[in-house]
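J.: Listed here are the chains, written in short residue letters.
Protein chains: 2
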Amino acid sequence: MRKLLNFENNIPTFLSSASAVGKEEHLGPLGNKFDIYDGSDLYGMNTFEKAEAEMNRTALNLALKKAGLQPSQIDILLAGDLDNQCTATSSGLYSFGIPYIGLYSACSTCTEALLLLSLLISKTNTACGAVVTSSHNSAAERQFRTPVEYGGQRTPTAQWTATASGAFIMNTGGKVGITEGMFGKIVDGTVSDASNMGAAMARSAFDTLYTYFKISGHAPSDFDFIVTGDLGHIGSEILCEMLAKEVSGAEKIHTDCGKLIYDKSKKDVHGGGSGCGCSASVLASHFLPMLERGEIKDILFLSTGALMSPGSVLQGENILGITPLIHIKGLE
Amino acid sequence: MRKLLNFENNIPTFLSSASAVGKEEHLGPLGNKFDIYDGSDLYGMNTFEKAEAEMNRTALNLALKKAGLQPSQIDILLAGDLDNQCTATSSGLYSFGIPYIGLYSACSTCTEALLLLSLLISKTNTACGAVVTSSHNSAAERQFRTPVEYGGQRTPTAQWTATASGAFIMNTGGKVGITEGMFGKIVDGTVSDASNMGAAMARSAFDTLYTYFKISGHAPSDFDFIVTGDLGHIGSEILCEMLAKEVSGAEKIHTDCGKLIYDKSKKDVHGGGSGCGCSASVLASHFLPMLERGEIKDILFLSTGALMSPGSVLQGENILGITPLIHIKGLE
Chain S
561 MRKLLNFENN
571 IPTFLSSASA
581 VGKEEHLGPL
591 GNKFDIYDGS
601 DLYGMNTFEK
611 AEAEMNRTAL
621 NLALKKAGLQ
631 PSQIDILLAG
641 DLDNQCTATS
651 SGLYSFGIPY
661 IGLYSACSTC
671 TEALLLLSLL
681 ISKTNTACGA
691 VVTSSHNSAA
701 ERQFRTPVEY
711 GGQRTPTAQW
721 TATASGAFIM
731 NTGGKVGITE
741 GMFGKIVDGT
751 VSDASNMGAA
761 MARSAFDTLY
771 TYFKISGHAP
781 SDFDFIVTGD
791 LGHIGSEILC
801 EMLAKEVSGA
811 EKIHTDCGKL
821 IYDKSKKDVH
831 GGGSGCGCSA
841 SVLASHFLPM
851 LERGEIKDIL
861 FLSTGALMSP
871 GSVLQGENIL
881 GITPLIHIKG
891 LE
Chain Y
561 MRKLLNFENN
571 IPTFLSSASA
581 VGKEEHLGPL
591 GNKFDIYDGS
601 DLYGMNTFEK
611 AEAEMNRTAL
621 NLALKKAGLQ
631 PSQIDILLAG
641 DLDNQCTATS
651 SGLYSFGIPY
661 IGLYSACSTC
671 TEALLLLSLL
681 ISKTNTACGA
691 VVTSSHNSAA
701 ERQFRTPVEY
711 GGQRTPTAQW
721 TATASGAFIM
731 NTGGKVGITE
741 GMFGKIVDGT
751 VSDASNMGAA
761 MARSAFDTLY
771 TYFKISGHAP
781 SDFDFIVTGD
791 LGHIGSEILC
801 EMLAKEVSGA
811 EKIHTDCGKL
821 IYDKSKKDVH
831 GGGSGCGCSA
841 SVLASHFLPM
851 LERGEIKDIL
861 FLSTGALMSP
871 GSVLQGENIL
881 GITPLIHIKG
891 LE
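Protein sequence lines correspond, in order, to chains S and Y. Quick note on this note's numbering: the first sequence kicks off at 561 and runs consecutively. Quick note on this note's numbering: the second sequence kicks off at 561 and runs consecutively.
Here chain S stands alone, though its shape is the one from the complex (with noise of 0.2 Å):
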């Protein structure tokens, strides 16, 4: 039985949050509101791995002074990205020397690490903590699919990888906080084909949905916005046809970063965003300021992962799906 991990007693809550994306980005609908875009999407680095281990870098030092904090006074880092043994992280944030828990969750890992560090604010002597995650389009394309210079024709279905790092600086005492989370089970997708992670995702965040609904004593009605990670367009129409039948009205507060992200009239980006940074860059740049301005007041928010890699999908095994979640509210 999955459990609700309940943050009440001692709330976990935002001291800032900082983003940094790329040339796609900030041409779509939220490209004013990232802190930091490189029209190049090279920042400074002469190969895409080590451009998206840049943009880590940048973001968490965003944060951090946003924050008015030196990496010294953050007791832990939490953080993970797409690329082979998650080197965009461990390359691009070792150098602030915090101690660190590496993740790995697909394009989950935001709200995986978010979860853990306010397990770790709230019931131990962690006093403030930093979560990182990010993706990169063109280190992503060529690592998963084809480079981009081979000029393939991406599929109807395709997502588009998201040149995006979120960062987030976490304490006590602020003005929005994750009052409880749960952990996400992994879901047979029953989809083998890596350019459609949407309907691979779908059914793994129904049944986070599901079962949040069913144990938390919660109705959609509680919420403004139910917000899932990266289910793009096809995902998420497939997530709504099953909530509508299931948990009522939960489809009607649907929002996905995914669909968020990109103008899908202006750029060919078929099924929407996807990628670790999609939904953390969407959270720091446009729902926590949200919340912070008291515009909205409660969100479900649910990255959504894909559990696959180029061999294991050569290998004929089907995408597996995993959905975390996390209530995050305005606590004035």
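It should be emphasised that the hints constitute simulated quantities derived from the structure, not laboratory data. All values derive from a computational prediction rather than experimental measurement. A hint or two may mislead.
Listed below are the simulated BS3-like cross-link pairs for lysine-lysine, each with C-alpha atoms no more than 25 Å apart in a straight line [said to hold, decoys possible]: (1) Y:Lys824 - Y:Lys563; (2) Y:Lys683 - S:Lys683; (3) S:Lys889 - Y:Lys683; (4) S:Lys683 - Y:Lys774; (5) Y:Lys625 - S:Lys563.
Got chain S sorted already, so can you dock chain Y onto it with the hints?
T.: Structure of chain Y alone, referenced to chain S:
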């Protein structure tokens, strides 16, 4: 400043542990202690990656059987491996249906996972959890270096990735527990040779041990053993030189799972064993049984991780090391 996490108020304890290994591990000095081995290294599957997944499934099944529990009685699973995007974990373990926290911390994942599970059990409503970590020699060789069929000559410093999986079930009230722990800090190994990982990880192991003895109030004489994960022969020598100078006495009780798992005189393992499954299987089948039988009372256990990928090495990045720590204690 690094913080110790203390679990003395509600000590998480081991309910069971199990290991599944390959041919070379079975032929090694600890061969008869491992629960299950497959002399073909394939565990009935047709690829090494699927074999690793099946080995994970086997190890967790056996740990559950020893504990007398069904998967539905496990609240949370923390796991990871070395494969790109940790697919040996996700595809091997999803069918258990246990809520999942995906980790990536290279070969240090076992200690990282046990520390996080201790936190969940000690401080939250998590009653019972599982940890599984694995590696497979043939899957790792073709991913990180060259396929074994290629017959490449290994350098004298190269370590032998263990074909092994270790599984642990924890709750409270048992005989052997985790009383405290500390996460690692990413330390530049100042080495960029992927065939010399022990040397790259030694500095991070020293950093964690030095910090632990500085802040914990403990001295090396409080412990039977200081067990590192897989520094192997070369990394262990470097660590012990540093310890002898700075934490005198610690070097005398140091041992390393990568040194214990193979007989150097019989097998050309060169630098010794490595891989997420190395320290996990040696803890599960060698050190935990010694603690349970009361032959030893206190150990510090530190799996060591080399944070790098083939891509990061080709792009000229140094190998970064990380070493979390747990204090495992006989409670009777």
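J.: Which hints from the list above does the structure break, by number from lowest to highest?
T.: 1
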